[in-house]
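Sequence lines, in order, name chains A and B. Residue numbers for the first sequence follow the numbering used here, beginning at 1 and rising by one. Residue numbers for the second sequence follow the numbering used here, beginning at 1 and rising by one.
To be clear, the hints were calculated from the coordinates, so they are not data collected in a lab. Heads up, a few of these hints could be off.
Pairs count within a copy or across copies, as identical chains cannot be separated in the list.
[Unchecked claim] In silico lysine-lysine, DSSO-like type, Cα no more than 30 angstroms apart, as pairs:
id, residue 1, residue 2
1, K252, K67
2, K293, K9
3, K174, K252
4, K9, K40
5, K317, K115
6, K115, K308
7, K293, K252
8, K183, K242
9, K293, K242
10, K308, K73
11, K9, K174
12, K283, K40
There are 2 protein chains.
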Amino acid sequence: MLKGNMAKKSVCIVGSGNWGSAIAKILGKNVQGSDIFEEKILMYMYEENVNGRKLTEIVNTEHENVKYLPGVKIPENVVAVPEVCEACTGADILVFVLPHQFVRTTCQKMVGSIKKNAIAISLIKGFAITDSGIQLISSIISEILGIECAVMMGANLAVEVASEQFCESTIGSKNEVTGRLLKQLFQTPYFRCTVVEDANTVESCGALKNVVGIGAGIVDGLGYGDNTKAAVIRLGLMEMIKFCEIFTTGSKTETFFESCGVADLVATCHGGRNRMLGEAVVKSDKTIRELEKEILRGQSFQGPLVAKEIYEILEKKNMLQRFPLFVTVHKICKRELEPSNFIDCLREHPEHM
Amino acid sequence: MLKGNMAKKSVCIVGSGNWGSAIAKILGKNVQGSDIFEEKILMYMYEENVNGRKLTEIVNTEHENVKYLPGVKIPENVVAVPEVCEACTGADILVFVLPHQFVRTTCQKMVGSIKKNAIAISLIKGFAITDSGIQLISSIISEILGIECAVMMGANLAVEVASEQFCESTIGSKNEVTGRLLKQLFQTPYFRCTVVEDANTVESCGALKNVVGIGAGIVDGLGYGDNTKAAVIRLGLMEMIKFCEIFTTGSKTETFFESCGVADLVATCHGGRNRMLGEAVVKSDKTIRELEKEILRGQSFQGPLVAKEIYEILEKKNMLQRFPLFVTVHKICKRELEPSNFIDCLREHPEHM
């Protein structure tokens, strides 16, 4: 236990959607009566009107995010705040759990309002793409705010976590002390955390798995059984490993055995949204955008975006033929290739040579 | 290609159940017109009466194993033979695909009838247990017959393979030349083989995954979702890795990324018989033996047997607390522990320390 005469650390949650609200439930409860963490947690919430009332007001009176995680009580010591600067002022630990397109602008607003020695942890799945390769969301946060940023990823479907079903998660932190502190903040008897140093791989897994998830949905849509799906999961995993070897620094194979790796991939390929998308791509000839409107009421699927970004890097680096699964998922999403061709693209996979 | 002036190699399949018949379909087709393999394959079939006719006779006239793999044509160049010595005489490659309780007696009958330089490959899932640890089925074959024995394991549900659904399999062969030869024998456009040297791990995976499969069925039966199942799969995989590290020689972590490892485990935990058993154990209070009668009409489930064997070794070596998942599955199968306690036994898993 980290105790002693240190001041207690205060926590701010930046974001309050489905996953953010499930995490608020965990953190709110964990800090109660803690020697290490302040009991009051501020949660930045993008203000919305829900049936004529402000969402922050609903959360602060009814202690439930009725829009994004209905039916789940958020502890009363978590207070929703509609201004990000107000929320983050004085916080020692910033938990980022926003849709990834809002990270940059949100961080820019926060500059000047955060403590110098604050630390961040990103629960955000996705990449940014630069000319030379990928940029991790954690490094965007780190760069803009000038602070250290760890990550947490795992087989963590929000609704199941909120209902306290046993699961695991992986914290990636290059700094061991930070990793231990964050484990104390997040771990509960039903939410088990392991800490690894290889944070870049942990974070990359969170983005890449959604591409494989689409592939799993495609084979479901085509009517294949468990053998074929297992092959897609394995070949996808091998491409994830190879991608990380090439594009992230110091990637370790063992990290793929953590919850962020194989476990999250398996959960995504059986119960994730991107799997659902893959199946829909086979069963209709609508575009991804139309399917997004239909299935997610306008929110975006993560997988096709990551697939496109990966495709562009691989094309630039002349590496397309080393990643047939990633490439084929992208082409099927773009409707450049029929879904029925998916398996043919895997028969001569480099793993079989 | 292995060609030249070598004599063609003749193949014998020892066993002809569900998986044996699916393999007969693959091999029978693959050897047709081959430069390397003899076109005629003898398949040892334990003689049975089916509606007043001999099963070998039905297979040899109708080219279908109506009892164990109905609806699938076996190529005509595969000939069923009811005497194992007749089947194996002159064979260069012996493909073992029997229920594992018959391996020893069958091999003993074959002694004296096989070619001196024959090679074997075992597709059999299971262990034998000795005082000092585990004995692999391949080593029993090797010992009794005095020949080299490779193995093949993977995410290969027989019915799906027989219907030519794309899948992968792993050949484990300590001898590289043998491995290449066997790949040529088994691989088809829909059945993709990789070859690894770490044969002991490949074979151990085939036995151990069924224990984890029961665990996956238990969480299904208890009503948990994809997060929990993913955690069980991952923790099971970690115990498989640790078990192999301790009990097999030269086990390599990479082998678990092959089809025999993560892929077969995922398929088993979603579509396997032992998963079904785990679910049934939660939903009824019958004994394993009663459930076998009910679900498998008297055949035995592999998982409980392996779980018991593992338990005994671990107890002897004072290692029970390092394998909580394996141990708990065994105790639940023995009805010494309520299935509802399964998750509690995983909360303080060594992986979370």
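| query | What hint numbers does the structure not satisfy? | reply | 1, 2, 5, 6, 7, 9, 10, 12
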